[in-house]
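Residue numbers (my numbering), protein chains in the order written: chain A, 102 to 208; chain B, 10 to 124.
Fair warning: there could be bad hints in the mix.
[What the hints assert, rightly or not] Where chain A lies over chain B, by a calculated footprint (3+ residues, C-beta under 8 angstroms):
id, region
1, 12-26
2, 112-123
[As the list claims (entries may be wrong)] Now the stretches of chain A that chain B is said to cover, found in silico as 3 or more residues with beta-carbon under 8 angstroms:
id, region
3, 136-150
4, 196-206
Hints are computed from structural coordinates only; laboratory data are not their basis.
No experiment lies behind these values; they were computed from the predicted model shown.
Using N, Cα and C, we set each Cβ at its ideal position, and we do this for glycine too.
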Amino acid sequence: KNEVEQSPQNLTAQEGEFITINCSYSVGISALHWLQQHPGGGIVSLFMLSSGKKKHGRLIATINIQEKHSSLHITASHPRDSAVYICAVLVGNQFYFGTGTSLTVIP
Amino acid sequence: DAGVIQSPRHEVTEMGQEVTLRCKPISGHNSLFWYRQTMMRGLELLIYFNNNVPIDDSGMPEDRFSAKMPNASFSTLKIQPSEPRDSAVYFCASSPTGQGLTEAFFGQGTRLTVV
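Could you build all of it, start to finish, from the sequences and the hints given here?
See below:
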């Protein structure tokens with residue numbers, strides 16, 4: 102059983118669409134990270150959340166601790182947003198990673 | 010700052026050889042992490058250091074893997090002897106104050122191929 106589940110696994114959107122990627126986890130956590138991996142392989146840390154909501158540009162991340170759920174939203178999506186988005190949760194000293202959501206934004 | 014710097018970017022080696030991956034964290038960051046990414050297992054945390062001290066190495070797959078951080082500006086991940094199943098992308102990341110408290114900054118990764 103995977104402690105972290107992401108959905109959808111693959112997502113194709115038209116440029117300009119509002120996108121939501123979901124992450125659910127089954128254990129108590131101290132923090133949750135959203136990571137972005139570009140087609141070239143580099144990984145960028147987008148957000149670290151322990152409660153509430155964070156916004157950076159067109160990206161918004163929310164977390165509901167009681168429901169053990171987080172969402173990553175992208176407003177006005179753009180082809181350069183095409184990447185794999187990975188959810189990672191911190192449980193004690195251990196990180197658990199989701200399998201990622203592959204996003205393709207079509208012009 | 011140039012960010013987290015990893016070397017080499019690509020490494021191809023024969024089974025049985027020793028492989029050393031290198032990482033220079035961002036200056037002033039207290040925590041350093043080594044990750045491995047494969048198609049089968051996704052992204053896995055191997056080990057992390059805080060103030061140069063290994064805190065949790067439970068993710069290290071087996072005794073063939075070892076990691077050191079002799080000072081605040083340098084870390085190595087060594088595999089000896091290497092095996093084809095070690096082929097993966099290895100990422101190093103650093104964080105200012107600890108893994109749960111702030112965002113981590115990732116290097117570009119080292120793509121290891123063991124033939």
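Hints violated by the structure (listed by number, smallest first): Hint 1 alone not satisfied by this model.
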